[in-house]
Amino acid sequence: MDVFSTGFSQPVTAPLYPDPPYLYRGAKVILGVYEADAERIQPHLPPGVTPLEDPVRCIAWVCHYPFTTFGTYNEAILLVRVQFEGESYNYCPLIYVDAEAPMAAGREIWGWPKKFADLSFQFGGEGGPGFREQFMFTTERPTGKRIMTVTMSPDRPARLEEIGGLPMLTLRHIPASEAGNPPSVCELVATEVSMTCHTAADGSLDLWAGRSSVTMDSRSEMDPTDDFAPTKMLGGFYGTFDWTLPQGRVVKDYLADVPEPVLAGAGAGNAGRAG
1 MDVFSTGFSQ
11 PVTAPLYPDP
21 PYLYRGAKVI
31 LGVYEADAER
41 IQPHLPPGVT
51 PLEDPVRCIA
61 WVCHYPFTTF
71 GTYNEAILLV
81 RVQFEGESYN
91 YCPLIYVDAE
101 APMAAGREIW
111 GWPKKFADLS
121 FQFGGEGGPG
131 FREQFMFTTE
141 RPTGKRIMTV
151 TMSPDRPARL
161 EEIGGLPMLT
171 LRHIPASEAG
181 NPPSVCELVA
191 TEVSMTCHTA
201 ADGSLDLWAG
211 RSSVTMDSRS
221 EMDPTDDFAP
231 TKMLGGFYGT
241 FDWTLPQGRV
251 VKDYLADVPE
261 PVLAGAGAGN
271 AGRAG
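The sequence shown: position 236 = 236 (full-length UniProt numbering), numbered continuously.
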């Protein structure tokens, strides 16, 4: 078996997912934009990554994907607008998904910190004047514990410039195979994603702005979502999008900056504590 060319992902003779790029078509997306407490968010940011604005601005990005390379699934993403070495990004500290292959691919290729959850996208009720629908997206752990709810009521057509897209930033952290050693990988990965919004028959964008709410429903050590709770809602967006997800680029390799003797000492110290 040629482990270098047999398959892109494990198991190499029957890969869980193919190599990128990955296609996303007709994605139904809600964005809840809000301000949050910088002191509570800062401990979740990697070294050198700081909030882009004061007060810190976050986005609850929730999606239903009717067609992707991985099949149909749902996703709930928390994003923090940040800066790193003079560049602006959306950093992802927490993300939830309800399908196996995109969870594995996200964690292994980019470091998206994906966990399993039960996700539901619901339509119904009355929106703003002239609109018939409201949207609600719920995120629950498999135990049935609700951890986040996002709602959006469209009030007016929106422009793409209002969303202000930034490259995504993730921390790819892979633990060592041998006990007591430092991580095998510890790096920041930037990913550029260009999104195309669907249009209606009259040529207008399927993109709407309106009122939004983001609620962090409960907290645990596994799901510290309340650290990202809104202090002020700024609004929301709903739209239908296509995009293609490429592989990322490493913008920081934390291990490359650490001298070998320090890494060796850290490994020995960890081994001692484990014993």
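Fair warning: there could be bad hints in the mix.
Dumping the calculated DSBU-like pairs for lysine-lysine here, alpha-carbon to alpha-carbon at most 35 Å [said to hold, decoys possible]: (1) LYS115 - LYS28; (2) LYS28 - LYS145; (3) LYS115 - LYS145; (4) LYS115 - LYS252; (5) LYS252 - LYS28; (6) LYS232 - LYS145; (7) LYS232 - LYS252; (8) LYS115 - LYS232; (9) LYS232 - LYS28.
Pairwise CB distance ranges (calculated) [as the list claims (entries may be wrong)]: (10) PRO55 - GLN10: 31 to 37 Å; (11) MET233 - LEU255: 27 to 33 Å; (12) SER9 - GLU192: 19 to 25 Å; (13) GLU85 - VAL12: 45 to 51 Å.
Think of the hints as simulated: they come from the structure by calculation, not from any bench.
Think of the CB as a built atom: it goes at the ideal place given N, C-alpha and C, for glycine as much as any other residue.
Consistency of the hints with the structure:
1. Under the criterion of a C-alpha separation no larger than 35 Å, the hint pairing LYS115 with LYS28 is consistent with the structure, at around 20 Å.
2. Taking the CA atoms of LYS28 and LYS145, the gap is near 24 Å; set against the 35 Å cutoff, the hint holds.
3. Straight-line distance between C-alpha atoms of LYS115 and LYS145 comes to about 14 Å, which keeps the hinted pair within the 35 Å bound.
4. Distance check on the hinted pair: LYS115 and LYS252 sit about 24 Å apart at the alpha-carbon level, within 35 Å; holds.
5. For the given pair, LYS252 sits about 32 Å from LYS28 by alpha-carbon distance, which is consistent with the 35 Å threshold.
6. This hinted pair checks out: LYS232 and LYS145 have alpha carbons roughly 25 Å apart, not beyond 35 Å.
7. For the hint pairing LYS232 with LYS252, the CA-to-CA distance comes to about 32 Å; that is within 35 Å, so the pair holds.
8. Between LYS115 and LYS232 the alpha-carbon distance is near 27 Å, which keeps this suggested pair within the 35 Å criterion.
9. For the proposed pair LYS232 and LYS28, the alpha carbon gap of about 24 Å is at most 35 Å, so the pair holds.
10. Separated by about 42 Å at the C-beta atoms, PRO55 and GLN10 break the suggested range of 31 to 37 Å.
11. Judged by the Cβ atoms, the range 27 to 33 Å given for MET233 and LEU255 is violated: they are separated by roughly 39 Å.
12. Evaluation of the 19 to 25 Å hint for SER9 and GLU192 yields a pass: the beta carbon distance comes to about 22 Å.
13. Judged by the Cβ atoms, the range 45 to 51 Å given for GLU85 and VAL12 is violated: they are separated by roughly 35 Å.
Checked against the numbered hints above, the structure breaks hints 10, 11 and 13 and satisfies the rest.
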